[in-house]
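Student: Using the sequences and the hints given, assemble the complete structure.
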Amino acid sequence: MAQKKSSTCPTCMGKGVIEGVCETSPEWDGAANEQSDGGRICTPDDKCPTCKGTGKVEG
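Numbering (our numbering), first residue to last: 910 to 968.
Derived from the structure by calculation, the hints contain no laboratory data.
Since the structure is predicted, the reported quantities are computational estimates derived from the model, not experimental observations.
Heads up, simulated BS3-like pairs for lysine-lysine below, C-alpha to C-alpha not over 30 Å straight-line:
(1) 924 / 913
(2) 965 / 914
(3) 913 / 956
(4) 914 / 956
(5) 961 / 924
(6) 924 / 965
(7) 914 / 961
(8) 924 / 956
Tutor: What follows is the structure in structure tokens.
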């Protein structure tokens with residue numbers, strides 16, 4: 910019986926989560942956006958689509 914081999918997910922590097930990114934621009938300062946904080950806009954963390962949050966891929 911062959912065992913399935915799992916390895917670290919190359920997309921999230923084994924974390925299971927794709928970390929959000931923050932960007933800052935003086936153009937966005939004072940924007941009426943809920944995510945805006947002094948000209949900084951951030952995307953939320955998201956579950957890795959490659960490993961579906963496990964941090965491992967089978968192969």
